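A.B. asks: With the hints as a guide, bring the two chains together.
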Amino acid sequence: MRPESMKIFDELRNLNVLTVQNAKREGKKVVGCYCTYTPQELILASGASPVTLCGTRQEPIPAAERDLPRNLCPLIKSSYGFAVTAKCPYFEAADVLVAETTCDGKKKMYELMSKIKPMHVMNLPQGPKGEEALVAWAKEMNILKDWLAEKFEVEITEADIRKAIKLMNRERSAMRNLHATTKVKPAPITGVDLLVSVWTKGFNINKEDGITLVEQLTAEIEELTAKGISPFTNETPRILLTGCPVGFGSEKVVRLLEESGASVVAFENCSGYKALDRLVDESENKDVMVALAEKYLNIPCSCMTPNEGRFDLINKMAKEYQVDAIVDLTWQACHTYNIEAYAIRDYVQNQLSLPYMHLETDYSESDVEQLRVRVQAFLELIQGE
Amino acid sequence: MITAGIDVGSVSTKVVLLIDDEIKYLVRPTGWSPRDAGLHAYQELLDSAGCNNNDVSGVVGTGYGRISLPIIDKAVTEIHCHARGANYLVGQGGLLIDIGGQDSKAILMNERGKVVDFAMNDKCAAGTGRFLQVIAAALGVDVSELADLAENRQPLDINSMCTVFAESEVISLLAKGSDKRDIIAGIHRSVARRVWGMASRFGPAQCVIFTGGVAQNHDVRNRLSQEAGCPVIVPEISQMAGALGAALYARELKK
Ligand code: SF4
Ligand code: SF4
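Residue numbers (UniProt numbering), protein chains in the order written: chain A, 1 to 385; chain B, 1 to 255.
Chain B with its partners taken away, still in its complex shape (with noise of 0.2 Å):
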């Protein structure tokens, strides 16, 4: 059975096909049309598949632009479709953090991946992957490198909750002359503490799953470690997650 989950996020369009047991995927910025974004990328992993949308069963859509796609059978919130794929790719259930282009949600699910509860930031975007890119550019450099400059690096201070007085407090920082990867190391370390802020009602934890686009940055992952106190798996394609998670909830849907 062939199976579709389309993640239409802020930033960039997810899309799975599940065949049987194997997992195809890809990745696209979302731009400007959330609809269009999300057809396309599903075309485009149809044509690289082999496949037309006649052999897929069942789509599911999630993310924000999940309302917007003309071809979905049925929407599913983030929430979910994060738990159900992290579910999936880790097979145990806990507390989930995902942190994603604008937002960051703690969710709590048992060992089939069924959400028990969860928690969203509310309207700011610090401890975001927004937050991220916002203090990257001032520091010049590209959100992939963020990871490696930060490593093992000695954090300082970051207080404002606020993204745009953080950017500030950062530039003021480099005008005293601070260390650039003490700076990222404290943004890191202040995205992880106001994250794990907000998923501590629910631990503590043994273990954290982490996914999202964050996830993929090693050293917000290890300060988000010291913060909770366990370790934090991230799946390998930790990105894909609610797009797996929609093409699992399609599978179902068509049983």
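So that you can see chain A by itself, here it is in the shape it has in the complex (with noise of 0.2 Å):
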């Protein structure tokens, strides 16, 4: 059984939308962000309203192929798509775009898309450690916040920062729990659900709202839970998913892993936990700068040399959401998951003894058969065929 709220966020797709345009209407900002790294409290704090960009459709992909190397990840395709075809409405309802230097395609596309709309790119350090690092990125923050505050010709006190740390942290561990619903055996909800409506949230720009209706949603999958409703069995394999970001329009893996008969329970991807882990330190005595700078910073995205808290993570996900194997999800073309994908295998077949399986594919259709192949071996493999 699909819990009820589920309907509230198949809609909320569209109606999205019109709290964007009405937002604006009513003279709000608008700021288009592209990854999780982009510090929103400073968005907030300026009192303008955070979207998240990240393309995760092909539709866009062939009108981005006229200005962009057809050889480049879909995301950064799909991304920049959007901006060039005026098709996507929260791209067309942001005032100014912020974004980071993350992997080389997304930081020289991110040249090209500034033509189109105001850009700030912050200059994000290419390692976590370090005091250099942290204060580097501090020191971004600061002229994120003075970029901010030029731009929406505003104010950004201490206290507006101190407040929207605050309100992010509680979304952020709304959205924890939401996730961890699918710890128990056998899940209550689908991977494709949990994704969903993961991924819808990214687009709502009232805050509060979405808080509330995540935790309606969470207690409602609660509620399943305790019944001991679910759409699978103790049987079904408890996949946990790494690699690239995943979204609305590119679960095509997550729906074939189900489809072939497994149970995606954990989503260690940017789009799903990766950013949730940590939360930013609220202490009063704390720099909020610094604050900032500590929880994004250690993200553990690819893009960082090393990343050892991938590991970390991935170890502990694993445990906590009893998965029975992983799946590593690289997009074609993305040089940092996919090469970082040989220590994964290894780490995970070694070290923690589970099933490992490294796809590599883009948003495209043309290799469902392919892959379809490659998943339910993997799984024969798994139930010990």
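Keep in mind that the hints were calculated from the coordinates and are not lab data.
Note that the structure is predicted; figures quoted are calculated from it, not measured.
Straight-line Cα separation of at most 16 Å, EDC-like style, residue types lysine to aspartate or glutamate; simulated pairs:
{"hint": "1", "chain 1": "B", "residue 1": "Lys-24", "chain 2": "B", "residue 2": "Asp-55"}
{"hint": "2", "chain 1": "B", "residue 1": "Lys-74", "chain 2": "A", "residue 2": "Glu-380"}
{"hint": "3", "chain 1": "A", "residue 1": "Lys-29", "chain 2": "A", "residue 2": "Asp-95"}
{"hint": "4", "chain 1": "B", "residue 1": "Lys-114", "chain 2": "B", "residue 2": "Glu-252"}
{"hint": "5", "chain 1": "A", "residue 1": "Lys-29", "chain 2": "A", "residue 2": "Glu-155"}
{"hint": "6", "chain 1": "B", "residue 1": "Lys-114", "chain 2": "A", "residue 2": "Glu-380"}
C.D. replies: Quick look at the structure:
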């Protein structure tokens, strides 16, 4: 049985557009973001609303390929494609864009995109370790704050930032609780539903409403659990998905896994749990910018070198979610995740002693049957065929 | 006991009847309808063996057309069927390479034919039977002639991984006056390299078991052996490994 609240999330996709447009009409500023490294707190503190614009759909890709190389990650092409085709209402609504120097493909694409809308790009340190990285990233926080203040002609006070930190931490906690609902065996909802609700949430500019809705969904899922209702059985293999971001429109691997008889219970990717694991330190005696810098710098994304945090997070999540296997998804031409797959395979197979499969694909449907064979063979392997 | 395995591949459909320990088999082109190809080939083999569907205690389907077969008791992926079938044919475990019509696989199996790990080529056709077909057509020879032509020839470098570009590379080599046989040897070596590149993750190996249609090409076989640095075993009915594995699964089903 599907939770009733899921219907709200299904409709939310259209509703969110209206909310954004209404907010705009009331004079609210909208900031488009592309990555979990964007400190949403600073945007909120400036009185604007952040929306995530990461492209997860195939449709705008051909348009993007007029300017960008074909051999580029579909996420970058899709994001850019939405910008040039004027087909994404959120992109259209955005007054300004905030991005970071993450992978090479993204940062070079941003140069092109910045010609379409005003954009600020934050200089992300290459690695999470060391005092210098933290100092540099805290400084970038200040630069962004000043940029936003100037653009929107507002003053951003420390109190505003502290308030935003509290709000964002509440949102993160609510999202964490939602993810945690699938820790039970068998999971009360499908991975596709979990993904869709988490994804849709990213477009909701009204944070308080969003939190309430997520809490409502979580409560409802917990009721299902209490009643022992689940689309799966105790024998259904439980999968942790790691790797590149996955969203609505690019959920084909999640779908294939579940169609083939698995249950995707955990999403380690940044569109899932990766950025939720750590909250921002709220202590009053802490410098707000340092507190923000610490949180964001520690997101274990593959564009960091080294990126040891990802191993720890996979390990922790594999245990908490009682997973039977790990699937690592790489979007074609994503070098950072693709290369990191080597080390992740070694870690998963030899340290965690869990079955591991790496898949490389794009958003198109052209290889679905091929992938199906692999996914099914992998599940047969787990189930000891 | 009689069990059957039906392997509907993209190019050919293979059926095996396992009558106790006797293997009867049949290969037919898949054509337009995987469903019809599977059903007809199965019926044909039943007829020639003088039995009917009721005598068969289990049918397992495999290959890309496996789900379209209405008569099967179970579908098992070709990865597992190939391993099981190859293991039965050669009586050992290890590293199995299967090159079929449109994909190639490397499968690591234990001594009972159970899959331990596997890898499969992605989207592109390089290193598959299809690749050889395209090149053979460009050279105006039949796929079955490739092996003899290339034997003991000095392979030319073929740099393109993509089938379409490899074809134009071959044509420009021809235009430059290169010997057809050296070109084919080069193509064979590039298939072997490509496939070993994928399989070497599970290596080094004591020996490689090689199945699928392309395994019938002895020149590819030799070049694979050179790349892998170990002997290559090709079971006599290498093309039947998947269907045989399916029939073996069907046997377990009814135990
Ligand atoms: S994977 Fe890394 S670079 Fe890509 S969106 Fe997520 S955090 Fe940003
Ligand atoms: S998936 Fe990889 S290549 Fe694509 S934007 Fe994220 S880090 Fe960059």
